[in-house]
Amino acid sequence: MNAPALKEWPLWEVFVRSKQGLEHKHCGSLHASDAQHALQMARDVYTRRQEGVSIWVVPSSAIAASEPNDKAEFFEPASDKIYRHPTFYDIPEEVGHM
Amino acid sequence: MNAPIDYLLQLADNAVILGQRNAEWCGHAPVLEEDMALANNSLDLIGQARLLYQHAATLIGGDASEDTLAYFRDVPDFKNYTLCELPHLPLMSATACGDRDFATTIARNFLYSALMVLVWDRLQGSADAQLAAIADKSLKETRYHLRHARDWLLRLGDGTETSHQRMQAAIDALLPYTSEFWASCPQEQAAQANGSGTDVAALRTDWNTIVDAALQEATLTRPADSAFLPTGKQGLHSEHLGFVLAEMQSLSRQHPGATW
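Protein chains in written order, with our numbering: chain A, 1 to 98; chain B, 1 to 260.
In short, the hints are calculated from the structure, not lab data.
Keep in mind that the hints are not guaranteed to be accurate.
Not everything, but these chain B residues come out facing chain A in the computed CB check (under 8 Å) [claimed, not checked]:
#1 ALA29
#2 VAL31
#3 ASN40
#4 SER42
#5 ASP44
#6 ILE46
#7 ASP151
#8 THR160
No experiment lies behind these values; they were computed from the predicted model shown.
In this text, a Cβ means the ideal position worked out from N, Cα and C, and glycines have one as well.
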């Protein structure tokens with residue numbers, strides 16, 4: 001009981017899986033005191049209209065993000081390499097949606 | 001076999017009055033996430049009340065509807081536990097104003113939902129098929145309400161010196177009101193007799209286990225049982241219920257039959 005009160009709750013990123021078999025998708029963030037707390041708050045804030053069957057929460061501080069300033073060297077070189085898109089193949093009917 | 005109407009009303013009145021009380025936090029909760037959690041809880045309770053009122057209204061027949069039962073009955077007609085109608089600051093007079101006490105909200109939701117998970121669980125086997133179906137739906141909601149309240153009880157009880165003190169004060173103030181759970185009343189006896197209800201007194205040991213374990217984990221002390229016995233479910237209420245109804249019913253009474 002001697003822990004000092006948290007004046008600011010850390011930020012958490014919330015990921016929700018909408019259906020079994022689909023991936024978890026980022027849907028927003030919230031403030032909570034710990035992981036368990038964040039999960040419950042995510043349930044109340046992000047799944048109240050039946051949006052999900054599973055929730056992940058991740059401390060926002062654990063996410064390493066690319067820098068907006070790196071945009072030119074990170075992303076632009078891909079723009080003229082259309083051969084990286086699998087659009088030159090015929091997909092057999094039986095495969096269905098890929 | 002239908003449940004006695006007064007028994008359905010008791011269950012519905014508990015839900016609607018506590019739902020109305022918890023809705024008072026809407027827009028005022030300590031943080032946005034908690035605002036939504038309490039609004040969700042409130043809407044769950046009002047949803048339970050609606051199903052129970054609709055069932056009761058069908059049995060009553062005539063012009064009875066969920067609206068007449070919720071909005072056009074007066075204090076002595078309501079059969080909710082006194083616990084459910086208390087303001088979020090239990091030791092004030094009915095007209096007094098003060099900052100809402102979150103610990104009081106949590107203590108009440110904890111004590112009530114610890115009972116209702118047991119009651120709904122038993123009522124799933126009610127001889128009244130409609131009530132059994134309502135119990136099935138309500139049980140899932142109430143399990144979450146218990147989890148939410150218990151979680152905060154632990155955090156605040158085993159938190160800082162101030163939060164511990166406030167949580168303890170809320171438990172001290174509200175626990176005596178739970179004696180009403182175990183005192184049998186005519187509608188409960190009638191429901192038990194025809195197989196639609198359950199013997200609530202038989203749930204006391206299980207309820208004590210839930211409450212004692214949580215209080216211990218939260219480093220809180222359970223106050224000794226007292227001889228105090230509230231009588232809300234008999235229609236004899238505290239001075240607070242009139243103010244709750246005044247706010248809850250005023251719109252319907254000013255504009256009877258209005259729809260939107």
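How the hints compare with the structure:
{"no.": "1", "hint": "ALA29", "result": "violated (11 Å)"}
{"no.": "2", "hint": "VAL31", "result": "holds (7 Å)"}
{"no.": "3", "hint": "ASN40", "result": "holds (5 Å)"}
{"no.": "4", "hint": "SER42", "result": "violated (12 Å)"}
{"no.": "5", "hint": "ASP44", "result": "violated (10 Å)"}
{"no.": "6", "hint": "ILE46", "result": "violated (15 Å)"}
{"no.": "7", "hint": "ASP151", "result": "holds (6 Å)"}
{"no.": "8", "hint": "THR160", "result": "holds (5 Å)"}
Checked against the numbered hints above, the structure violates hints 1, 4, 5, 6; every other hint is satisfied.
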